[in-house]
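On the provided structure of chain A, position chain E as indicated by the hints.
Each chain, letter by letter, is given below.
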Amino acid sequence: MKSATSPGIRFLGIRFSGTRFFTAALLAAAFTAHQAAADIKVGFIGSLSSDTGRSTLRGAEIAVDELNASGGVLGGQKIVLIPADTGEDVTEGIKAYEYLAESEEVDFIVSGSIDDVSLGWIPRMREYRIPTLDTWTSYIGIIDMVIEDPEAMMPYFMNIASDEALATLYIDFGKDVLKGQMGWNSVVILAEDTAFGGAITGLVTDALAPEAGIEVKEIIKYDIATVDFAPIFSKAQNSGADFIYLVSSVNSQVVSSQYVKLQVPMAMTGVNVSAMGADYWEDTGGAGGGMSTLSPVPSVGFKLDPVSQAFVDTYRARYKDRPVMPHFNGFNAYHGVKQAMAAAEAAGGFDDVDAWASNMKQQDLVLELDGQLWLRYGFWGDDEVEPRTGRKYPHNIRFDITEPYDEASPSMVVIQWYEDGTTAVIYPKKYATGEFALPSWVK
Amino acid sequence: MLLQILIQGFLLSGLYALIAVGFTLIFGIGRILNLAHGSYLMAGGYAFFWIGQIIGLPKIIGVALAVFLGAGMGIAIYRLIVRPLKGDRIAVEIATLILAVILQAAIVLIFGSSSKIPHPLVPGVVRIADTPIAWSILVATCASWIILLSLYAFIRLSHTGRAMQAVSMDPKGAAICGIDSNRIDIIVWSISGGLGALAGVFFAGYTQLSPSMWVTPLIISVAVVIVGGIGSIMGTLAVAHIIGFMEVIVTTLIAPELRGVFTMGLIIVALLFRPRGLFGREEI
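Chain order of the listed sequences is A and E. Position 399, counted from 1, in the first sequence is what this note's numbering calls 399; the numbers after and before it change by one each time, with no gaps. Position 279, counted from 1, in the second sequence is what this note's numbering calls 1279; the numbers after and before it change by one each time, with no gaps.
None of these hints come from the bench; they were simulated from the model. Treat the hints loosely; a few may be bogus.
[Unchecked claim] Not everything, but these chain A residues come out facing chain E in the computed CB check (under 8 angstroms):
1. SER49
2. ASP193
3. ALA225
4. VAL254
5. GLY285
6. ALA287
7. THR389
Ideal placement from N, C-alpha and C gives every residue a C-beta, glycine not left out.
Same shape as in the complex, but just chain E:
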């Protein structure tokens, strides 16, 4: 049983990290909670479903379209909502939350209110230590890790990544040094949207598509930011693993119906006893 918990916890945590990393990036750069972040997952998942199961095109095209759609949504949200409201974080948060609700209604209009199960990215099952693991979730977890490490390397090693770090530390100082913070913001919002949509493809392939599917990823993302208290990729990975493993442990050893309660409880406990988060505040 311990091995099952380790395997399932590891798989789930990788996915959670991918879900939350875009949200954390936005928070790290602009100190903004993008409450429409879950909508990227919803849009990505439905785009993948539409391409693969309604149009009948290859899945890889569905994945690519989902990522482009998510990136486009990120840029659109930044240009149409965030930039006009810059300086008023509460207004941005309210606006993005309303946007998420509007997008949910749009999904209901287009696809209906009933849940849909997308075909897995990779069909089949592999058994490790008597634990059945769907290839699709294994691929999703491996892809998540590769993407997260690549993103970490990009931020640490590339010129643009270092500019992102500078904006995250001190936007005014970065501007004095000649960094175009508007360009950096657009890049970060597009990365956030694209990764969110890709996470949506993985997440929906593992679970389901439904118009309200944006809520759970948003709660996970908020929990990562509040509990982690940071905007760093490594911090995201750490907190995603705390949440992922605890969910699997609670489900397996205590009571499955308490699974969602744990994440909520963790947010409250962090706010009460560690309001700056486990890892304090850092640049991305």
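Next comes chain A alone, as it looks inside the complex:
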């Protein structure tokens, strides 16, 4: 997954973004003051200015505070959290990882990095061999690295379903709803000109369209700096397709709000990263209704089990600024940090990476709602084969992409923003809290 970038301030070789610089400085000062008594250092690597990066950081903060409040870890040692900002920039991400490894000598790193940034620092991780958990990037290529070189990738874990699993379940949505329920036969893809846009466009054209029986009429690429979508929507209309498939991770609120303001007379669904957060409605100035998007779990509109709900309650009581609700990776960080610490307890610390990784693989948190499995934080075994895709996902979170989803969490859900600002999960049925809905101006 990937999201917007923003300008920043460079300090000690690390880029801190805009207003967050001072916050980071205060945090750093606070952390430094506590380091004398600290024994376990957890590094955070991600963007301090993006909602997704801050979700991971805050999820980790809450987990660390709860662990410290319950007596610490590894014989009562306290945990400190040290943030390093990537600014969603690959070079800054590498520097941030080096800073955490060399200057701070952290024991464990939790990451809220986007795909490209994770790919940038992974060679450093292999070199330093610091146990690292990715909560945001879903790039299947990283799991392939684990398969190809398990020894070098031993410290790496990813507790979000990789994008192939996301796409596989989304194909079902295409078959069941876009084609089956709506009767749509053709699509025009509206994709941002980024690596993320290219990857998702490839998945849609190669997998979704052929398997769901939907013809791709046209692929329209646009620059991420685009602020006027009127001619682009006209072009989409002229394609004669039944609906628009949007692929947008950067500044998604602009294309969404113009779709609403111009009342484009065709449906639009797809991957809209800004619509995955609860701040989307405010970000679009209320012009965000009628959009649906794929989202990893837990998403906005997702019914929460008691454990996840307690996390959200703590989060909302503690943080008053955006993101008002943690994104899915905030949940991943919260549970993931606790699991990493539990694995360290079992392995006697983080120093023996093989032992830690072996125990990390054993972590398995099942969260139930109304007596049935709702979410699961566990990992695929090294030699386990996922039956539907026929491939292995070592060190990737265990997911379920086959009904009735009683083995693990679904890899994704589809969420719907309605015109009154409310949200619902609309797919898969087990998790649905609402129905797929077209904007009122689409006939």
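Chain E in isolation, oriented as in the chain A frame:
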């Protein structure tokens, strides 16, 4: 499709003309490139957003505040930067560029770095030839045309406007004739700021608010001056329409990702083959 291009090109061009006209006025009067011009749009857009969506006051108050803020900024820039540095155009350009960066940082501090979508000035959509047109952009374009024509009439017909023309032609000669060029400069800078801020309200209502939103209008304005090569209002209108229509044509018929490239390319081509611009140099 041709009709869609005509409609969208016309709408966009009107807005571009309003964005660039204040920049052109300053260039016409003082031969100065005010690189903080995009900041007027940013300030105007955020002021409108703050009044309407944070304070909750009527939009018209937001528009009025934005214009006053822009005019005030124009006067402040003139008095605090331009006048002390008068005679050194490069210093003025560097100073105004730095000011734009500082103002961007101030916006990040106050409003955060994430983009914001302001409510449209006028909600709703009208369809012409199967082309959906937001009322807000239609109103913005009509208002732009009215303002530009009024400004043209003001400069041509009023005493102050004729004094502006005189300063534009020959500041020393104008001073000999008793025209207070300092007063004229203040008027021009305030008009430039006010129109820029108003354009910011229209532009942000159509697109988005973001701390870096000053860059695109600045590029458009620079392109208008370089390609037009003039400081006249009619020349601004002509070049704004060339850029607006070409952007829509490139987006619709060639490739949307090349849209921004066209404006940049136009600047380079003009510098290489027509350094005095399409219309040469004139008074305002």
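* To do: Against the earlier hints, flag every one the structure doesn't satisfy and list their numbers going up.
  => 7
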